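Starting from the known structure of chain A, fit chain B onto it as the hints suggest.
Listed in order, the protein sequences are those of chains A and B. Numbering follows my numbering, in which position 221 of the first sequence is assigned residue number 221; successive positions increment by one, without gaps. Numbering follows my numbering, in which position 334 of the second sequence is assigned residue number 334; successive positions increment by one, without gaps.
What the hints contain is simulated information worked out from the structure, not anything from laboratory work. Given the structure is predicted, the values throughout are model-derived calculations rather than measurements. Each hint should be verified, as a subset may be incorrect.
No distinction is drawn between identical chains; accordingly, a pair holds when it is met within one copy or between any pair of copies.
[Stated by the list, open to error] Taking lysine to aspartate or glutamate and the DMTMM-like style, the derived pairs with C-alpha atoms no more than 25 Å apart in a straight line are:
no., residue 1, residue 2
1, Lys142, Asp52
2, Lys274, Asp246
3, Lys87, Asp299
4, Lys274, Glu435
5, Lys239, Asp213
6, Lys342, Asp395
7, Lys87, Asp296
8, Lys87, Asp303
9, Lys87, Asp106
10, Lys192, Asp158
11, Lys87, Asp315
12, Lys112, Asp65
13, Lys87, Asp320
Chain by chain, the residues:
2 protein chains.
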Amino acid sequence: MSRTSRFVRILVTQMTRSTRVNVNDLVLVSVDDHLVEPPHLFDGRLPHRYADDAPRVQRSDDGADVWVFNGVTIPNIGLNAVAGRPKDEYGVEPTAFDEMRPGCFDVHERVKDMNAAGVLASMCFPSFPGFSGRLFAAADDKELALAVVQAYNDWHIDEWCGTYPGRFVPMALPVLWDPDLAAQEVRRVAAKGCHSLTFTENPATLGYPSFHDPYWDPLWRAVCDEGTVVSIHLGSSGKLAVTAEDAPVDVMITLQPMNICQAAADLLWSRVLKEFPAIRIALSEGGTGWIPYFLDRLDRTYDMHRAWTGQDFGDRLPSDVFREHFLTCFIDDPVGLQLRDKIGIDNIAWECDYPHSDSSWPNPGEDLLAAAAGVPDADLEKITWQNAARWYSFDPFAHRTRNQATVGALRAEAAGHDVSIRSFDKGRTTRSSTEIGSLASRATA
Amino acid sequence: MSRTSRFVRILVTQMTRSTRVNVNDLVLVSVDDHLVEPPHLFDGRLPHRYADDAPRVQRSDDGADVWVFNGVTIPNIGLNAVAGRPKDEYGVEPTAFDEMRPGCFDVHERVKDMNAAGVLASMCFPSFPGFSGRLFAAADDKELALAVVQAYNDWHIDEWCGTYPGRFVPMALPVLWDPDLAAQEVRRVAAKGCHSLTFTENPATLGYPSFHDPYWDPLWRAVCDEGTVVSIHLGSSGKLAVTAEDAPVDVMITLQPMNICQAAADLLWSRVLKEFPAIRIALSEGGTGWIPYFLDRLDRTYDMHRAWTGQDFGDRLPSDVFREHFLTCFIDDPVGLQLRDKIGIDNIAWECDYPHSDSSWPNPGEDLLAAAAGVPDADLEKITWQNAARWYSFDPFAHRTRNQATVGALRAEAAGHDVSIRSFDKGRTTRSSTEIGSLASRATA
Chain A
1 MSRTSRFVRI LVTQMTRSTR VNVNDLVLVS VDDHLVEPPH LFDGRLPHRY ADDAPRVQRS
61 DDGADVWVFN GVTIPNIGLN AVAGRPKDEY GVEPTAFDEM RPGCFDVHER VKDMNAAGVL
121 ASMCFPSFPG FSGRLFAAAD DKELALAVVQ AYNDWHIDEW CGTYPGRFVP MALPVLWDPD
181 LAAQEVRRVA AKGCHSLTFT ENPATLGYPS FHDPYWDPLW RAVCDEGTVV SIHLGSSGKL
241 AVTAEDAPVD VMITLQPMNI CQAAADLLWS RVLKEFPAIR IALSEGGTGW IPYFLDRLDR
301 TYDMHRAWTG QDFGDRLPSD VFREHFLTCF IDDPVGLQLR DKIGIDNIAW ECDYPHSDSS
361 WPNPGEDLLA AAAGVPDADL EKITWQNAAR WYSFDPFAHR TRNQATVGAL RAEAAGHDVS
421 IRSFDKGRTT RSSTEIGSLA SRATA
Chain B
1 MSRTSRFVRI LVTQMTRSTR VNVNDLVLVS VDDHLVEPPH LFDGRLPHRY ADDAPRVQRS
61 DDGADVWVFN GVTIPNIGLN AVAGRPKDEY GVEPTAFDEM RPGCFDVHER VKDMNAAGVL
121 ASMCFPSFPG FSGRLFAAAD DKELALAVVQ AYNDWHIDEW CGTYPGRFVP MALPVLWDPD
181 LAAQEVRRVA AKGCHSLTFT ENPATLGYPS FHDPYWDPLW RAVCDEGTVV SIHLGSSGKL
241 AVTAEDAPVD VMITLQPMNI CQAAADLLWS RVLKEFPAIR IALSEGGTGW IPYFLDRLDR
301 TYDMHRAWTG QDFGDRLPSD VFREHFLTCF IDDPVGLQLR DKIGIDNIAW ECDYPHSDSS
361 WPNPGEDLLA AAAGVPDADL EKITWQNAAR WYSFDPFAHR TRNQATVGAL RAEAAGHDVS
421 IRSFDKGRTT RSSTEIGSLA SRATA
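Next up, chain A with everything else stripped away, as it sits in the complex (with noise of 0.2 Å):
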């Protein structure tokens, strides 16, 4: 090969494979992050008659800051809550609210950091009222219930998503005692604007009828008219990935997203998906890497063991069904990056993961960078907020341009605001032993 024919073939390889985006010109939208809720939350929006029956805050004996609902008491996870603060101070400890980063939990210093990480929108989970809202569920009066799942949802559509228009992706909590009940608050909130439903991997594992259950029809039907998409988030069971009590935490921190992949497979191959074929499901922070190995895996059982199980997608395979129904959502993924053909380029979504451990912020452009490599432009625009945007109904463009949504216009705005890493310990805990039975008696105490 001459010199010149050589130099073409890097050329071309360079401009076909390689990343030109600069991190600047990056659009950022982030279907999972965390809202760590304020104190003032229910505060007018429950009937007088509830006023001594509303979700509260109080501070506990050791001076964490805990929530207490129908006789339980609540606290707020250091994990949870640990954006801007040094890794040695990491920890499941119940904390306070001036031991977490503002942002946590007010939506202007939110949207401070948003800007200063390049972040133009964000979807934000719940914390204490549990993903699925199972702690509101569990009350014995099921119209204070009600009362509390709609006052939460109105405050996280009208009051954290409404003070920033086009800075969040409204998502709402479901109603799990009553599928009729869910679907009603599906479609008034949809009437809102809002398209996601925060959910369980599992129903049964909560003690509710499971995914394989006529039981939650309706709510299927109201998700599916509504273009709501059901969004479950890893450790949203009620059940750890726990392999002993006396394993260390690390066990459990590498398993909790993978462990998705139980929901994956019970929601492919339930009837769900053939009865409710517009039926949409984000595998919130369950990572990508794993997808490509999970669909040739569906698609061997299939051709394995349909025979006797009698499981029929007509002239589809389960990993074209996957695809059809499953968005897929990382916050740091290299190899779900390289095999983003595998898993489907229209499948991919890019998660931020503020405040919790695993969150890549203050640098969240930079990182992904760094780890899509190779990536082409058009892909990376999908991957950060074209799949996002299209998933769940949100024009990130309806309050800004395109010029003004970018890393490098939002970090702009951001000027002078201190994102540095600083201690926010307040030396209240000590720490002597981080096996998962001793960190999860001390979190639940």
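Same frame as chain A, but now just chain B:
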């Protein structure tokens, strides 16, 4: 680019990337197959005083052949012995010896089936005792339990493997109830040439101390001293990957291999690897395509969390540690083959899984080459036999030359042996439901 230089480029690409090997030239050593124990296994192998207590086969009322020991009845599950049967005869119903291909339980027929598929050597996991022999360990009389474990191991090594030297990689059952006896048994069978111990994914779920407990230290010391691999088969935790009782069985089948990631994470972060640096573990039937994601996840967990969890691997990353200690195994896994360099080309071994339902028998070489497009010959050699031979201290050419050990040579020896798919159905069972709960209750009835 000129036509000539383009041709050269294509040629170079072909030469460096594609597989030139013919299926007949492959040497196949399978690190995961299964045997169904024949009724005569314990004949003459137990002290006379245990004549009435030995595990024995009896015909159940519904016509299945079941093993009985210590008051417990264990059926042979259909899916575990379906090689050569039509796929619509797969199922989990209890089965009888005359409903299986004789190669399941008769070593002479087994070797014919291996020859016909071109498989040189095979490591056979146990069936009725459970992957870690927990049926035997549960006996109240621990002298009886030890006698039965030793009788089983002697039969496996001396008779099953010994009848055809060079055709089987020997494997032993562990002693679960006494780590010093466990160590002694590992040393005893190692002296007979056995360097594989079948073990559980999670001793804690079986009711024993977890991997994190020093209880097992004598056993780990013995396997390190003897160069014995701890072979952990999927499904050996005693806990199936069941999402809900009414989930279709396809869910469980899909999830089983990846579920072994729990054992991999549990051991990776444990003190075992740090205190027993020579220990080696095989993730049998665990698949490989999810491993690259898993390794990234390990390294990210280490990066984000070690400051508070206290994990310390010195100058190595968790992914380096994984490659020092773990062998990964697959039946048919195109993603794992594509990403072989991310897994570690010295950490991948092929398996046949005869006579289970996921097996590629009787055409494993053809299936492997179809999935291995683009894998260079040198890598294929490692995957098909070199890694297995090194990990399990097995010399595939001690009893045959390489030319006598290939798929082509073995198949020539099996000329006339019938491997056609044929019915073994005796019309005993009917199936009305494929829900996990219903199948599990029938399988253990």
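* **Up to 25 Å CA-CA - Asp106 versus Lys87, copy category** => within (22 Å within a copy, 59 Å between copies)
* From the Cα coordinates, with 25 Å as the cut-off, is the pair Lys274 and Glu435 best called within, between, both, or neither? -> between (42 Å within a copy, 17 Å between copies)
* To do: Check Lys274 against Asp246 for me: Cα-Cα at most 25 Å, and say if that holds within a copy, between copies, both or neither.
  => Cα proximity of Lys274 and Asp246: across copies only (16 Å, versus 42 Å in one copy).
* How do Lys192 and Asp158 come out at 25 Å by Cα distance, when the copy is not named: within, between, both, or neither? -> within (9 Å within a copy, 74 Å between copies)
* Under a CA distance limit of 25 Å, which applies to Lys142 and Asp52: within one copy, between copies, both, or neither? -> within (16 Å within a copy, 61 Å between copies)
* To do: Tell me, please, which holds for Lys87 and Asp299 at an alpha-carbon limit of 25 Å: within, between, both or neither?
  => Only across copies: Lys87 and Asp299 sit 15 Å apart there, 41 Å inside one copy, limit 25 Å.
* Quick one: Lys112 to Asp65, C-alpha cut-off 25 Å, is that within a copy, between copies, both, or neither? -> within (24 Å within a copy, 70 Å between copies)
* Asked: Is it within a copy, between copies, both, or neither that the alpha carbon of Lys342 lies no farther than 25 Å from that of Asp395?
  -> neither (27 Å within a copy, 38 Å between copies)
* Asked: Taking 25 Å as the upper bound on the Cα-Cα distance, should Lys239 and Asp213 be classified as within, between, both, or neither?
  -> both (20 Å within a copy, 23 Å between copies)
* Intra/inter-copy verdict for Lys87 and Asp320 if alpha-carbon distance must be at most 25 Å -> Between copies, since 23 Å is at most 25 Å while 41 Å is not.
* Within, between, both or neither: Lys87, Asp315 at alpha-carbon 25 Å -> The answer is between: 19 Å across copies meets 25 Å, while 50 Å in one copy does not.
* **Homo-oligomer pair classification [Asp303, Lys87; C-alpha up to 25 Å]** => between (46 Å within a copy, 9 Å between copies)
Violated hints amount to a single one, hint 6; each of the other numbered hints is respected by the structure.
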